[in-house]
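Q: Guided by the hints, dock chain B onto chain A, whose structure is given.
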Amino acid sequence: MTQLDVTEAAAGATVVRNQARVRRRKGLNGRSIAVLVFLTMCALFFCVPLYVVLTTSLKTMEEIRQGQIFALPETWTLEAWNFAWNDACSGITCEGLKVGFWNSVRILVPSLILSITLAMVTGYALALWEVKWAGTFLFLLFLCAFVPLQIIMFPLIAITRTMGVYGTIMGVAVVHSVMAMPVLTLIFRNFYKDIPREIMNAAIMDSGSFWKIFVEIILPMSGNILIVVLILQITNVWNDYLVGVTFGGFNTQPMTVNLANMVTVSTGTATYNVDMAAALLTAIPPLVIYFMVGKFFVAGITAGAIKG
Amino acid sequence: MPRVSFEHIVKSYGGLNILEDLNLSVDHGEFLVLLGPSGCGKTTLLNLLAGLTDVTDGRIMIGERDVTELDPKDRGLAMVFQSYALYPTKSVRGNLKFGLSAAKLPREEVARRVDWAAKLLQIEPLMDRRPSQLSGGQRQRVAIGRALVKHADVLLFDEPLSNLDAKLRTEMRLEIMRLHDELNPTVVYVTHDQIEAMTMATRIAVMNGGVIQQFGTPDEVYETPANLFVAGFIGAPAMNLKKGHIAKANGGVAGVFETGERIVLDDYAFARAPEEGAPVVIGLRPEHFGAPNAPIGDAAGRFELPLQHTERTGSDATGYLHWGDGLLSHRVEPGDAARLRPGEKISVAFPRGKANLFDAASGERL
Chain A
1 MTQLDVTEAA
11 AGATVVRNQA
21 RVRRRKGLNG
31 RSIAVLVFLT
41 MCALFFCVPL
51 YVVLTTSLKT
61 MEEIRQGQIF
71 ALPETWTLEA
81 WNFAWNDACS
91 GITCEGLKVG
101 FWNSVRILVP
111 SLILSITLAM
121 VTGYALALWE
131 VKWAGTFLFL
141 LFLCAFVPLQ
151 IIMFPLIAIT
161 RTMGVYGTIM
171 GVAVVHSVMA
181 MPVLTLIFRN
191 FYKDIPREIM
201 NAAIMDSGSF
211 WKIFVEIILP
221 MSGNILIVVL
231 ILQITNVWND
241 YLVGVTFGGF
251 NTQPMTVNLA
261 NMVTVSTGTA
271 TYNVDMAAAL
281 LTAIPPLVIY
291 FMVGKFFVAG
301 ITAGAIKG
Chain B
309 MPRVSFEHIV
319 KSYGGLNILE
329 DLNLSVDHGE
339 FLVLLGPSGC
349 GKTTLLNLLA
359 GLTDVTDGRI
369 MIGERDVTEL
379 DPKDRGLAMV
389 FQSYALYPTK
399 SVRGNLKFGL
409 SAAKLPREEV
419 ARRVDWAAKL
429 LQIEPLMDRR
439 PSQLSGGQRQ
449 RVAIGRALVK
459 HADVLLFDEP
469 LSNLDAKLRT
479 EMRLEIMRLH
489 DELNPTVVYV
499 THDQIEAMTM
509 ATRIAVMNGG
519 VIQQFGTPDE
529 VYETPANLFV
539 AGFIGAPAMN
549 LKKGHIAKAN
559 GGVAGVFETG
569 ERIVLDDYAF
579 ARAPEEGAPV
589 VIGLRPEHFG
599 APNAPIGDAA
609 GRFELPLQHT
619 ERTGSDATGY
629 LHWGDGLLSH
639 RVEPGDAARL
649 RPGEKISVAF
659 PRGKANLFDA
669 ASGERL
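Residue numbers (the working numbering), protein chains in the order written: chain A, 1 to 308; chain B, 309 to 674.
Bound-form chain A, shown alone (with noise of 0.2 Å):
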């Protein structure tokens, strides 16, 4: 190397030194201001109506009458809450949201582990044993993904019906897992599909097991991947209406389709911080377990299954 070559990559270090000092200096440009006043945007759009619905419902009705839906309350109350969970009609029963908050967790419970323990073990089957005809199936799972719900709404109900359990809890818990089912069955056959062949050899070496495998090697290692899909699976389960008041009986009801019922009177006067509190109520648990876990879900969306 040259004298002049020498100098030239020193004044390039020095250079590219000077660069990071200063990027790192100026706090505030246009494009981090543009980036902010974008992320306020989005914040307020969110926001704003969120702060509505939360004022409203610790107003009393006299204060809404008074149409100021900005202001803050002028006596707090949580009246509102108290009858849309215990007292607020739906449909001819007056019990308040929690009839359908009970039923919704009696839901959910079932067809998370129905659909999540189906998807899981066809996934692994999929992934790590030869399964003949796997590819087929795999791609049948992939259009079934895109079929909506309400393509097959009149044959579903003719089966569930036929099986005996139209109309009931298990009704709606058998078609929200069957929904579910080739989304959550891609999702963890691409998961392990990571796992490396060589620790599954080992493991069918050693064992040859399909169902020690799975439950000694193969689901301790899935515990990123169950957060991710348990997250998405309670958020749909939760949030659904149109199972819900599809297959749903009398009684038997997700809060969601409580929720509508109480919401669209048709006689009397409109309760809003009643019905503002109902929304809140029902948007609560998924926002709950989301909190809970919402840090292992981005750790699991990222991380594969092997770590070290």
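These are calculated hints, taken from the structure and not from any lab test. Glycine is no exception: its CB is placed at the ideal position from the N, C-alpha and C atoms. Among these hints, one or two may not hold up.
[To be verified] Straight-line alpha carbon distances no greater than 27 Å define the calculated DSS-like cross-link-like pairs of lysine-lysine that follow:
{"no.": "1", "chain 1": "B", "residue 1": "K427", "chain 2": "B", "residue 2": "K412"}
{"no.": "2", "chain 1": "A", "residue 1": "K193", "chain 2": "A", "residue 2": "K212"}
{"no.": "3", "chain 1": "A", "residue 1": "K193", "chain 2": "A", "residue 2": "K132"}
{"no.": "4", "chain 1": "A", "residue 1": "K212", "chain 2": "B", "residue 2": "K381"}
{"no.": "5", "chain 1": "A", "residue 1": "K98", "chain 2": "A", "residue 2": "K193"}
{"no.": "6", "chain 1": "A", "residue 1": "K212", "chain 2": "B", "residue 2": "K412"}
{"no.": "7", "chain 1": "B", "residue 1": "K427", "chain 2": "B", "residue 2": "K381"}
{"no.": "8", "chain 1": "A", "residue 1": "K193", "chain 2": "B", "residue 2": "K381"}
{"no.": "9", "chain 1": "B", "residue 1": "K550", "chain 2": "B", "residue 2": "K662"}
{"no.": "10", "chain 1": "A", "residue 1": "K212", "chain 2": "B", "residue 2": "K398"}
{"no.": "11", "chain 1": "B", "residue 1": "K412", "chain 2": "A", "residue 2": "K132"}
{"no.": "12", "chain 1": "B", "residue 1": "K412", "chain 2": "B", "residue 2": "K398"}
{"no.": "13", "chain 1": "B", "residue 1": "K550", "chain 2": "B", "residue 2": "K653"}
{"no.": "14", "chain 1": "B", "residue 1": "K381", "chain 2": "B", "residue 2": "K398"}
{"no.": "15", "chain 1": "B", "residue 1": "K653", "chain 2": "B", "residue 2": "K551"}
{"no.": "16", "chain 1": "B", "residue 1": "K381", "chain 2": "B", "residue 2": "K412"}
{"no.": "17", "chain 1": "B", "residue 1": "K398", "chain 2": "A", "residue 2": "K193"}
{"no.": "18", "chain 1": "B", "residue 1": "K551", "chain 2": "B", "residue 2": "K662"}
{"no.": "19", "chain 1": "B", "residue 1": "K398", "chain 2": "B", "residue 2": "K427"}
{"no.": "20", "chain 1": "A", "residue 1": "K295", "chain 2": "B", "residue 2": "K398"}
{"no.": "21", "chain 1": "B", "residue 1": "K427", "chain 2": "B", "residue 2": "K475"}
[Said to hold, decoys possible] Across the chosen pairs, the derived CB separations fall in these ranges:
{"no.": "22", "chain 1": "A", "residue 1": "T136", "chain 2": "B", "residue 2": "S346", "range": "28 to 36 Å"}
{"no.": "23", "chain 1": "A", "residue 1": "F154", "chain 2": "B", "residue 2": "D374", "range": "55 to 63 Å"}
{"no.": "24", "chain 1": "B", "residue 1": "H617", "chain 2": "A", "residue 2": "K295", "range": "53 to 61 Å"}
{"no.": "25", "chain 1": "B", "residue 1": "R649", "chain 2": "A", "residue 2": "K193", "range": "32 to 40 Å"}
{"no.": "26", "chain 1": "A", "residue 1": "V37", "chain 2": "B", "residue 2": "G322", "range": "20 to 28 Å"}
{"no.": "27", "chain 1": "A", "residue 1": "C144", "chain 2": "B", "residue 2": "G337", "range": "34 to 42 Å"}
{"no.": "28", "chain 1": "A", "residue 1": "P49", "chain 2": "B", "residue 2": "G322", "range": "52 to 60 Å"}
{"no.": "29", "chain 1": "B", "residue 1": "G622", "chain 2": "A", "residue 2": "L28", "range": "56 to 64 Å"}
{"no.": "30", "chain 1": "A", "residue 1": "G208", "chain 2": "B", "residue 2": "G622", "range": "44 to 52 Å"}
{"no.": "31", "chain 1": "A", "residue 1": "K132", "chain 2": "B", "residue 2": "R620", "range": "53 to 61 Å"}
A: Positioned in the frame of chain A, the structure of chain B alone reads:
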């Protein structure tokens, strides 16, 4: 006694034959190394033996048992993988135990075997750690332990040392040899590293293109390579392979190189009498050459060529001489190598009875 044999093995993937009518058998307690470049079919052969892939045709025997149709776990094998393949969510102890509890052994027996392996491999302090908390060398010990606890008749190794650094590799090589001496299982070991093959094997099967090129002891494979592929593949630095022809004169046989140099071949053990003028490839091992510019007593040939450069690899050094349009490599003492200057004309002698001869057309040994 378990004797592993492959009989007329055919393996094809979608019409493409990877292995074609392959036969190989190895006795109990042998250390068989399958050696060859990437894609030569050695790992395929190992996976067939392990049962991880199915043979298209042929039969695999372990002892008196035909295992061709058996599940991997029923074949009485244990395997060590290149990437260790430890179960990431199990502790070291859990890893060792998994194969045993799957075999439904009594609890005390499992504990006894795990302790025995831990002691043998000196991994006792690591027993409660996870694989992610271990170094590469430790992981490989655990992987070997997991194979040993099964007391399998046949141990399979799939390039177990290629993920380790050079120093660890030497250590683990000695370790595996010690285990083989102590426990004396039958070992089938796949590698592309000829040093591993030469040091550990009792028998080497050199493979290329799905065909076993030569099957023999390390000495046989090294001293009398069966064809040009084996001659070129085994040995570092590689054997000098130069084209020439046979010349007969005064009742003796000599090889004449294309560049005109002659080499006496009177001591060569020809499989059949050579013909005058037959085209051949003559192979000269670099380490057989005498010291530069020093006469040796029984020289078969002498080469005076300009030096291109020398290369020192620690305990050894190699000189490269310009020869025709190629190079001639020869071993030199490291002390001498420092004295040689590039461009300098150097005279090296090749002793009698050391040359290798191959048919130029077929590549087979003459």
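Q: Now tell me if each hint is right for this structure.
A: Each hint, compared with the structure:
Proximity of K427/B to K412/B is assessed by CA-CA distance (about 23 Å); at most 27 Å being required, the pair is judged to hold. With a C-alpha separation of about 18 Å, the suggested pairing of K193/A with K212/A holds against the 27 Å cut-off. Between K193/A and K132/A the CA atoms are separated by roughly 17 Å; this keeps the pair inside 27 Å, and the hint holds. Pair hint K212/A plus K381/B holds up; C-alpha atoms about 13 Å apart against a cutoff of 27 Å.
Distance restraint check for K98/A and K193/A: the Cα-Cα separation of roughly 43 Å exceeds the 27 Å cut-off, and the hinted pair is therefore not satisfied. The suggested pairing of K212/A with K412/B holds, with an alpha-carbon distance near 12 Å, which does not exceed 27 Å. Only pairs whose Cα atoms come within 27 Å are accepted, and K427/B paired with K381/B is accepted, the gap being roughly 25 Å. Only pairs whose Cα atoms come within 27 Å are accepted, and K193/A paired with K381/B is accepted, the gap being roughly 23 Å.
At roughly 15 Å between alpha-carbon atoms, K550/B and K662/B fall within 27 Å of each other, so this suggested pair holds. This hinted pair checks out: K212/A and K398/B have alpha carbons roughly 14 Å apart, not beyond 27 Å. About 30 Å separates the Cα atoms of K412/B and K132/A, which puts this hinted pair outside 27 Å; it is violated. Distance hint between K412/B and K398/B is fulfilled; the C-alpha atoms sit about 19 Å from each other, no more than 27 Å.
The straight-line distance between the Cα atoms of K550/B and K653/B is roughly 20 Å, inside the 27 Å bound, and the hint therefore holds. Simply put, K381/B and K398/B have alpha-carbon atoms about 20 Å apart, close enough for the 27 Å limit, and the pair holds. Pair hint K653/B plus K551/B holds up; C-alpha atoms about 22 Å apart against a cutoff of 27 Å. With a CA separation close to 12 Å, the supplied pair K381/B and K412/B stays within the 27 Å bound.
Note on K398/B and K193/A: the hinted pairing holds, with a Cα-Cα distance of about 20 Å set against a maximum of 27 Å. With a C-alpha separation of about 17 Å, the suggested pair K551/B and K662/B falls inside the 27 Å cut-off, and the hint holds. This hinted pair checks out: K398/B and K427/B have alpha carbons roughly 19 Å apart, not beyond 27 Å. A hinted pair counts as satisfied when its Cα atoms are at most 27 Å apart, and K295/A with K398/B qualifies at roughly 24 Å.
For the suggested pair K427/B and K475/B, the alpha carbons sit about 22 Å apart, so the restraint of at most 27 Å is met. For the hinted restraint 28 to 36 Å between T136/A and S346/B, the CB-CB distance of approximately 33 Å keeps it satisfied. Between F154/A and D374/B the beta carbon distance is about 57 Å. The supplied range of 55 to 63 Å therefore holds. For H617/B paired with K295/A, a C-beta distance near 60 Å keeps the hint of 53 to 61 Å intact.
In this structure, R649/B and K193/A break the distance hint of 32 to 40 Å, their C-beta atoms being roughly 59 Å apart. For V37/A and G322/B, the Cβ-Cβ distance of about 58 Å falls outside the hinted range of 20 to 28 Å, so the restraint is violated. At about 56 Å, the beta-carbon gap between C144/A and G337/B misses the expected band of 34 to 42 Å. Hint check: P49/A to G322/B, Cβ distance near 59 Å, so the stated range 52 to 60 Å holds.
Here the CB-CB span from G622/B to L28/A is close to 59 Å, well matched to the stated 56 to 64 Å. Between G208/A and G622/B the CB atoms are about 47 Å apart, so this pair conforms to the stated range of 44 to 52 Å. As the Cβ distance of K132/A to R620/B is approximately 59 Å, the hint placing it in 53 to 61 Å holds.
Of the numbered hints given earlier, the model fails hints 5, 11, 25, 26 and 27; all others are met.
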